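Q: Single-letter residue listing:
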Amino acid sequence: MNGGDILSLITVFVLSAFVGFEVIAKVPSTLHTPLMSGTNAIHGVVLVGAMLVLGTAHGTAQMVLGFVAVVLATLNVVGGFVVTDRMLEMFKVRKPAKAAAEPANAVGPGAEGGPK
Amino acid sequence: MSLGTGIRLADLIAAICFILALRGLTGPKTARYGNLLGAGGMALAVGITFATKGLTHFLLIVGAMLIGAVIAVPAARLVKMTAMPQMVAAFNGVGGGAAALIALATFLRAPAGSLAVYEVVEVLLGVVIGCVSFSGSCIAFAKLQEIMTGRAITYPGQQIWNGIVGVAILGLGVTLCVSSVNWLIAIVVVLALAFGVAFVLPVGGADVPVLISLLNSFTGLAVAASGFVLHSVVLVVAGTLVGASGTLLTQKMSQAMGRSLPNILFSAFGSVITATGGAEGDTTRSVRSASAEDVAILLAYANKVIVVPGYGLAVAQAQHTIRELADLLESRGVEVIYAIHPVAGRMPGHMNVLLAEANVPYEQLKEMEEANPEFQSADVALVVGANDVVNPAAKNNPDSPIYGMPILAVDEARNIVFMKRSMRPGFAGIDNELLFDPKTTLLFGDAKDSLTKVVAAVKAL
Numbered sequence: 001m002n003g004g005d006i007l008s009l010i011t012v013f014v015l016s017a018f019v020g021f022e023v024i025a026k027v028p029s030t031l032h033t034p035l036m037s038g039t040n041a042i043h044g045v046v047l048v049g050a051m052l053v054l055g056t057a058h059g060t061a062q063m064v065l066g067f068v069a070v071v072l073a074t075l076n077v078v079g080g081f082v083v084t085d086r087m088l089e090m091f092k093v094r095k096p097a098k099a100a101a102e103p104a105n106a107v108g109p110g111a112e113g114g115p116k
Numbered sequence: 001m002s003l004g005t006g007i008r009l010a011d012l013i014a015a016i017c018f019i020l021a022l023r024g025l026t027g028p029k030t031a032r033y034g035n036l037l038g039a040g041g042m043a044l045a046v047g048i049t050f051a052t053k054g055l056t057h058f059l060l061i062v063g064a065m066l067i068g069a070v071i072a073v074p075a076a077r078l079v080k081m082t083a084m085p086q087m088v089a090a091f092n093g094v095g096g097g098a099a100a101l102i103a104l105a106t107f108l109r110a111p112a113g114s115l116a117v118y119e120v121v122e123v124l125l126g127v128v129i130g131c132v133s134f135s136g137s138c139i140a141f142a143k144l145q146e147i148m149t150g151r152a153i154t155y156p157g158q159q160i161w162n163g164i165v166g167v168a169i170l171g172l173g174v175t176l177c178v179s180s181v182n183w184l185i186a187i188v189v190v191l192a193l194a195f196g197v198a199f200v201l202p203v204g205g206a207d208v209p210v211l212i213s214l215l216n217s218f219t220g221l222a223v224a225a226s227g228f229v230l231h232s233v234v235l236v237v238a239g240t241l242v243g244a245s246g247t248l249l250t251q252k253m254s255q256a257m258g259r260s261l262p263n264i265l266f267s268a269f270g271s272v273i274t275a276t277g278g279a280e281g282d283t284t285r286s287v288r289s290a291s292a293e294d295v296a297i298l299l300a301y302a303n304k305v306i307v308v309p310g311y312g313l314a315v316a317q318a319q320h321t322i323r324e325l326a327d328l329l330e331s332r333g334v335e336v337i338y339a340i341h342p343v344a345g346r347m348p349g350h351m352n353v354l355l356a357e358a359n360v361p362y363e364q365l366k367e368m369e370e371a372n373p374e375f376q377s378a379d380v381a382l383v384v385g386a387n388d389v390v391n392p393a394a395k396n397n398p399d400s401p402i403y404g405m406p407i408l409a410v411d412e413a414r415n416i417v418f419m420k421r422s423m424r425p426g427f428a429g430i431d432n433e434l435l436f437d438p439k440t441t442l443l444f445g446d447a448k449d450s451l452t453k454v455v456a457a458v459k460a461l
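Chains A and B are the protein sequences, given in the same order. So for the first sequence, my numbering puts the first residue at 1; every next one is plus one. So for the second sequence, my numbering puts the first residue at 1; every next one is plus one.
These aren't lab readings, by the way, just hints derived from the structure by calculation. Keep in mind the model is a prediction, meaning the values are calculated, not measured. It cannot be assumed that every hint is accurate.
What the hints assert, rightly or not - To give an idea of the chain B side of the interface with chain A (calculated C-beta under 8 Å), a few residues: (1) R32; (2) N35; (3) G38; (4) A39; (5) M84; (6) A98; (7) L101; (8) V233.
Note that the Cβ used here is the ideal one computed from N, Cα and C, for glycine as well.
Given only the sequences and the hints, what does the whole structure look like? Please build it.
A: Dropping the structure here:
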């Protein structure tokens with residue numbers, strides 16, 4: 001990697017940091033937990049890196065490291081999104097009138113509880 | 001279009017998905033859609049990685065992913081809503097661990113001495129931050145899961161030891177940059193893991209969730225560092241997004257508790273104060289306890305009842321019962337609202353999630369600013385399993401560790417009913433003056449049992 005590459009990565013880093021700050025500037029405290037859980041899932045993208053390490057591994061040590069990394073990263077990404085979705089599912093079933101209007105989404109634990 | 005360009009384009013689309021996902025997660029209506037968009041971007045980024053030139057060991061990769069998924073899906077689906085915070089801690093920890101392993105593997109792959117200084121720095125950042133996040137999350141998990149005490153753990157010279165470990169890591173890092181003694185990285189790993197443990201031990205009680213949020217942003221930064229190591233733009237973008245937004249979120253959370261972040265991290269909350277508050281407490285003063293029937297009468301003939309739910313309600317899984325009680329009272333013409341403290345439960349927003357699970361109408365949930373003026377006109381404030389968030393010491397007692405934390409103005413209501421398991425202080429370990437107030441009635445017992453009895457008593461009226 002030459003100097004230009006590292007500079008462009010640093011550019012990406014700095015701009016992403018600003019976007020990260022700006023994009024969640026306004027968030028109601030109700031959503032703090034789902035947001036934390038959602039960002040937790042997004043850093044599961046580390047799976048991509050783990051795949052690259054395992055996929056180009058030579059020798060047992062690298063292979064073991066890569067394998068464990070892929071398992072851990074998959075835990076992060078899959079668990080993260082599923083947990084977040086479960087939290088948010090509950091915010092969904094609030095308004096029965098609206099839920100009835102979109103029958104396609106009427107699945108999940110709350111659906112049968114809503115008055116028809 | 002070459003394969004390489006295709007991968008880069010896919011990474012760009014994934015990065016856009018992540019940004020839109022974060023934006024979506026900040027609004028109640030768009031949150032679920034945002035999360036799905038994030039998952040979609042993730043699927044794209046992971047899927048396209050299989051097309052990377054020179055990638056082998058496909059079976060191993062798929063096998064490892066299957067193992068991860070087979071553990072993660074049931075764990076995430078079956079975990080109780082009350083155990084969410086530690087689940088997030090666990091998933092966060094493994095992410096940090098993965099980032100550390102990636103940096104470590106890349107370092108071991110390069111022949112000794114062949115890496116430029118900035119490359120060694122990238123590796124070290126990935127390894128150190130990832131390890132701190134991993135071991136820190138493990139301890140946070142253990143605290144919330146009550147495998148170990150949730151209280152702050154302190155020992156003499158704590159900050160000095162932390163300082164020494166920090167300096168040692170720094171020194172080893174510099175040595176690694178200028179020499180090619182590669183095995184030193186093993187010591188860095190051990191020290192970083194120890195630092196993560198030492199960092200989390202003195203944080204106790206209600207502060208642990210804030211800490212998890214901080215560790216979450218650490219993992220984001222570790223991922224960004226491993227993105228630098230692997231020259232992967234999508235890792236840098238996603239990791240940095242999480243690092244930045246996680247830091248901001250951590251600040252917002254500590255603001256909601258009326259405390260500064262350094263104060264949370266270094267003040268060893270809840271370790272000494274119990275003694276001062278408790279000495280004059282239980283033995284000398286009397287409290288007024290009542291039966292479920294008394295409470296039922298008080299509630300049923302009120303005009304306005306404000307429910308203050310806390311972690312105790314969540315532990316007892318009583319969210320459905322409280323809703324049943326609220327419905328019953330409403331059918332008798334009582335106005336019922338829920339006052340939700342920002343850190344009710346164990347995480348900001350945790351209580352809203354739990355009450356939503358019980359189909360409590362959104363309009364009845366009032367955030368603290370909205371709810372506090374209502375207490376003056378409330379006949380009964382029904383506090384179920386909450387303690388610290390209604391403790392007037394936060395307003396009146398400058399010596400109290402929670403002094404300055406915004407609280408729900410329960411003391412302004414005409415009557416206060418506490419449903420508590422015992423006289424034990426709350427999660428922060430501080431006694432609550434309000435329990436001894438003459439207008440306070442206590443109903444001892446498991447929140448769900450108590451509520452069920454009250455429901456039965458109201459029905460019988």
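Q: Of the hints stated earlier, which fail here?
A: Of the numbered hints, all hold.
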